[in-house]
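Participant: Here the protein sequences line up with chains A and B, keeping their order. Numbering-wise (the numbering used here), the first sequence opens with residue 1 and increments by one. Numbering-wise (the numbering used here), the second sequence opens with residue 1 and increments by one.
Take these hints with a grain of salt, some might be off.
The calculated EDC-like cross-link candidates involving lysine to aspartate or glutamate, where the alpha carbons are at most 20 angstroms apart (straight line), are [stated by the list, open to error]:
1) B/Lys-173 with B/Glu-90
2) A/Lys-91 with B/Glu-372
3) A/Lys-93 with B/Asp-85
4) B/Lys-227 with A/Glu-206
5) B/Lys-69 with B/Glu-195
6) B/Lys-185 with A/Asp-112
7) B/Lys-121 with A/Glu-82
8) A/Lys-93 with A/Glu-82
9) A/Lys-163 with B/Glu-195
10) B/Lys-94 with B/Glu-71
11) A/Lys-163 with B/Asp-85
12) B/Lys-185 with A/Glu-82
13) B/Lys-185 with A/Glu-206
Honestly, the hints are just simulated from the structure, not real lab data.
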Amino acid sequence: MKTILYILQKEFRQIFRNRTMLPMIFGVPLLQMLILVFAATFEMKQIDMVVVDKDLSSASRELVAKFDGIPFYHITEMVQDETIGENMLLKDKADVVLVIPVNFERNLVRNDKAQLQLLVNAIDGNSAQLISAWSSRIIAAFNQNLVAEWKGIPEFTPPAQVKIAESYWYNSELDYKWYMAPGILAILVTIIGMFMSGMNLVREKEIGTIEQLNVTPVKKYQFIAGKLVPFWIIALFDLAFGLFIAWLVFDLPIVGSLWLLFGLAGVYLISVLGIGLFISTITDTQQQVMFVSFFFMMIFILMGGIFTPVESMPHWAQMTDRINPIFYFMKIMRMVLLKGSGFVDLLEEFFSLTVLGVIFLSLAIWRYRKTT
Amino acid sequence: MDFCNLATQLQSLNFGLRTSVFQLSSTNMKQLKSFIKKEFYHIFRDPRTMLILFGIPIAQLLIFGTVIKSEIKDVHIAVYDQSKDVTTHEIINKLLSSGYFILDANLENTSGIEKIFKKGKVKQVVVFENNFGEKLTREGEANVQLIADASDPNMARLVTSYTTGIINDYIRKLHPNLEMPLQIKSEVRMYFNEEMKSAYLFVPGTMALILMLISAMMTSVSITREKEFGTMEILLVSPLRPSQIIVGKVLPYLILSIINAFVIVLIGHFVFGVPVTGSFILLMLETILFILMALCLGILISTMAKNQMVAMFISMIVLMLPTIILSGFIFPIENMPEILQWLSHIMPARWFIAIIRDIMLKGNGLLFVWKETLILVGMTLFFVAVSVKKFKIRLE
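Please construct the entire structure, taking both the sequences and the accompanying hints into account.
Facilitator: Quick look at the structure:
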């Protein structure tokens, strides 16, 4: 036990002697919370619309006024030529072009039917879908109004109607930041756990100081523990710091127990640190560690459900996620913070993380060789 | 270093001093060539690095293409049916046969809702009121409540809107002959990406990310490594001029980046069907411009960083994350707060992604992208100027 304490003392001194370390410990979570959480949103703020009104009738003008009245829509230009509209799409000056054809009003009056065209810039398929859905809804509402005004039928009502009330639990405002902040925090903890521990060990290899450690009577597990504990503490500290900023800046609710959250984060970190240390035992330079870690981290993060729900992924990906620690941690973060889930709800995640931690850590200890 | 080697080094140093600074002698050229050769061996010798370098873009493209989806499929829902009549059964069946939803549980009271949400699997609870079917036929109106787990707001919104759509569709089919007067039909045309493939978004993004990774991150770390180990000194006392050392250092990464860009465009085209509508040559020229910019950025970082860890962190925090988040690769820039939109203007990847989208997807020519191109050129020149100023020939 005493040996481990001495090793820890050495590691801590070495880490904090590096002057860039402290700014990194405080700066990275600050930067991530303040920039990434705000930037990572699919919520649309504004839709730029170009109107090609070839009809110039009272109906078409009313429709345009309807769009103009919605703060969400920003009508950038009114033209009469369709090619100008298309050109605006090419130049990225418009998200959507509304084309009102000639005789729009006449067709509506005479045939009870009229056509409109929406040209949507669909390079970003997600946004395009939203834009078309919203625009169609607005046109439908305009349509209903028109019926009421022209035909005198007060709000056209079908004979049977289901009233659907939607309520959103745990995030009633649908604030995207509450969704992203736990995710970004998980990335933060992972970066520290995986990169820093791995690079630290390989640095000793690169400079050759590992030889000096290898000739001491320090046991393999003691050595690994010495590399593991400091970063475990730093990562947990950063989690607390990041959480504090999130609570302060965007009122992130902390519904569940913080003890539970940090307890499970501790278990999670052991598996991530295990991966980092294992990678460092199979590589020789910091550059290699960096790339191998980057590779796995990228896959873990993308598949772990931080940005997109795991349920939408294909079956094989969901199976692969069983060995992805981020997948479990992501669930834990959101469930404990937003919903207040208890330990009983998270038993499966806890056991899986424990098993992964034991496996990766044993791999790291087993692969670490005192002899070359 | 053995004596013989040292002697030749000294000799060439002597020779190097005698040759004019402005004129490259053939010996100098030869030295540069062998130096470049050494750098190539250095990188290509290590299978781990090579595997990762080509593994990252391929893995990333495949993950984005097959795994990253925000569509709805097999979402677990629960039902709290207080009515249990024919209509509610039919609606539930309709929901379940749509392929979007899987029934997880039938709840018997409201307290079960909270419990089931806390377990995390169920994303929506559909609550039917008492005497649902009767009310619908008699009063023409009945109530359904959709309670969604909004800890994932996007998902919650999608799930409720899908459910609403299915229920409305069911009701509409009860009265098939109903027609509305004065119908306006809107026809939606999706420009540039008719099938709304997500590949159109992630192929350009991946390209920017990978080129940044290889060009800026690798270069900065590898030059910093020489500094950290003191081998930079050995290089600096060699007859090679500093600019030649830098050229030798970055050339392998330039070539690797170009190969990688090719691979990404090829996979994008043949696996995901992303077209190259514009000029391929222009695309490659712009890519090379971006690579050069990234290399200069890498050199600049290496002049500032003391050791590899710092170089890596600067690259990660200043380059990778913004390239992923602030460039419009995953999250549209227009949705961000003002300040971040403004900040995104200094992200080179933002301009590069705009250029590739224009050329690949819209088929635009230089006429449309000259502004972005000029910005990239300007950035490159700026980085070169600053690094030349900061590059130290002597060690402190």
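Participant: Please flag the earlier hints that this structure goes against, numbers listed from lowest up.
Facilitator: The structure conflicts with hints 3, 7, 9, 13, although it agrees with all the remaining ones.
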